[in-house]
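Build out the structure end to end from the sequences listed, making use of the hints.
Chains as they are written, first to last, in this note's numbering: chain U, 1 to 319; chain W, 1001 to 1241.
Read the hints as simulated data drawn from the structure, not as lab findings. Note that the structure is a prediction, hence the values are computed from the model and not measured. Note that the Cβ used here is the ideal one computed from N, Cα and C, for glycine as well. Careful: at least some of the hints might be erroneous.
What the hints assert, rightly or not - Here are the computed distance ranges between Cβ atoms for each label pair:
id: 1; chain 1: U; residue 1: Lys64; chain 2: W; residue 2: Phe1032; range: 49 to 55 Å
id: 2; chain 1: W; residue 1: His1038; chain 2: U; residue 2: Pro117; range: 43 to 49 Å
id: 3; chain 1: W; residue 1: Gln1155; chain 2: U; residue 2: Asp274; range: 39 to 45 Å
Said to hold, decoys possible - Which residues of chain U face chain W? A partial, calculated answer using Cβ under 8 Å:
id: 4; residue: Asp77
id: 5; residue: Lys91
id: 6; residue: Arg279
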Amino acid sequence: MENNYKAVPILSSEITPKSLYYNRRDFLRAAGILTGSALLAACAPSVSGQAVPTPGNMAAYAGKTDELGAPLNSYEDITNYNNYYEFSTAKDAVAPLSVNFKSHPWSVAVGGMVNKPQTFAIEDLLKMFPQEDRIYRLRCVEAWSMVIPWQGFPLASLLKAVEPTSDAKYVAFTTLMDTTQLPAEASSFYPWPYTEGLRLDEAMNDLTLLVTGLYGDPLPPQDGAPIRLVVPWKYGFKGIKAIVKIDLVDTQPETFWKTIAADEYGFYANVNPDVPHPRWSQASERRIGELTRRATLPFNGYGDKVASLYQGMDLKLNY
Amino acid sequence: MSISERIKQFPYTPIQIAMHLYAWSALVRMIFDLFTNHLTANPIEAMEQLTGRHTLALLVLSLACTPLNTLFGWRELLKRRRALGLYALMYATIHVIIFVNLDFGIAWSLILQTVIQRSYIVFGSIVFFLLIPLGITSFDIWKVRLGKNWKRLHQVIYFAAPIAVLHYALATKGDIFHLTGNIEEPLVYGLVVLVLLILRIPFLRRFFSSFRSRVVSLFFRQNSQRKLGTQKRLEDQRIRE
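In structure tokens form, the structure reads like this:
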């Protein structure tokens, strides 16, 4: 289903810098490594893990791209390369380990500083809020990215339904805490359960999506079934999975990665090539499926829609 | 020659064969996985991590030889240190080549910016540049040329191995200094390296090797009396070196 989401023409920042492009080619030619690269290019960089049944209507997504013209990542890649530490820290191990995750029955408790707190069953959410097709880029803090066709509804719709009071300033999210379903929550190296948060205006932005589907099918467990958050202009760890609780609060909520290393993972976590992670650069990223690295875009290329939220803020301080 | 004589003349020990098989197995498996698409959706990162981890494993194995000999009198392991170290250098080189070539396409300005911003790469570079002279001087002729200094040079590995663990720990999403996040594997490697280095402290080394001979003498009275003499003499010689 289409919506108000508009396409944007290709930006010049999207184009690989000329020096980078020619520099690499000359060396490769000279060293004769071009053969090796050609060999690698011949192997379609797909992945084989637990085979997830391909969605029924893949044809509907053939040839689709994000608004900058980049192709969608394959369903196989999206469902077999997951950072979901509740199952495993190995990205390709999450799919087989999450096969028996029970995402039904499921409910999301929405409360806190709202006039109409309620608990929604997942079926109610799907009925009340029509699902939209949104193709978003996901940029991980580890410096890789994908282009993903999500189905979901704007978080703003849900928040309007529960009517936040004037005191509410932030939205806090919590993941399911259950070691029988999410076994690695037993690990004491992490402050489970996974929590995340947004400022109210970030949560009300049209881009912020509560996602329930992928490629036209319900979300598979390894991608955050049955409902997850996607905030495309922030690093992927803001996209909390398997949400059970949404609270409206007046103080900045604690978030998982910020608790682990506050000097490395901030509350805002806006994608910003000029603000490096203390231990690595965020200036470039590897788009999964591509052989060469890409320059990272400010706000992951969504600056025209969200930069105004941060006017006057020092983005190096508020990382 | 009878078969048993031929077997005795076979120049390679079981440990040697196992070691060479283990050392090459990671590369063979990686290439196989690469061409059968078993290397996750991000094969370049997967290869960087596989070669890096195998380098560390080989370094740890080479560091384990001397303590295992100290504890159990397993003399053959002392002859395996060189091969293990050279294999570690081999995988470290592949690891660096993948990073420079495949990951960054030999874009030197981008690499420089990345190296400066990624502190863990600085540590990795230090380890790599320390391993190179160790590899070059691994041949016997260098023992003659360097004399006493050969052993001192190769003791650099006691510094390089912990830096390699630090490189690994700083490359993950976790905080090794506060023991939070994705640091379980680097932590285990760090603890193992620490133990292997502690077992080299001279008074501990003497304690363990004499402990061993005393334990052996408990079970094998006559043999131990004869062996103790020569073993003790050789042990003292090696410790003094």
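Checking hints one by one. Is U:Lys91 an interface residue toward chain W, by the C-beta closer than 8 Å rule?
Holds - the Cβ of U:Lys91 comes within 8 Å of chain W, reaching about 6 Å at its closest.
Take a look at whether the Cβ-Cβ distance between W:His1038 and U:Pro117 falls inside 43 to 49 Å.
holds, 48 Å
Holds or violated: the hint that U:Arg279 contacts chain W, with Cβ atoms closer than 8 Å.
holds, 5 Å
With a cut-off of 8 Å, does the beta carbon of U:Asp77 approach a beta carbon of chain W closely enough for the hint to hold?
holds, 4 Å
Check the following: the C-beta atoms of U:Lys64 and W:Phe1032 are separated by a distance inside 49 to 55 Å.
Between U:Lys64 and W:Phe1032, where Cβ atoms are some 34 Å apart, the hint is violated.
Using the beta carbons of W:Gln1155 and U:Asp274, state whether their distance is inside 39 to 45 Å or not.
holds, 43 Å
When each numbered hint is compared with the structure, a violation occurs for hint 1 only.
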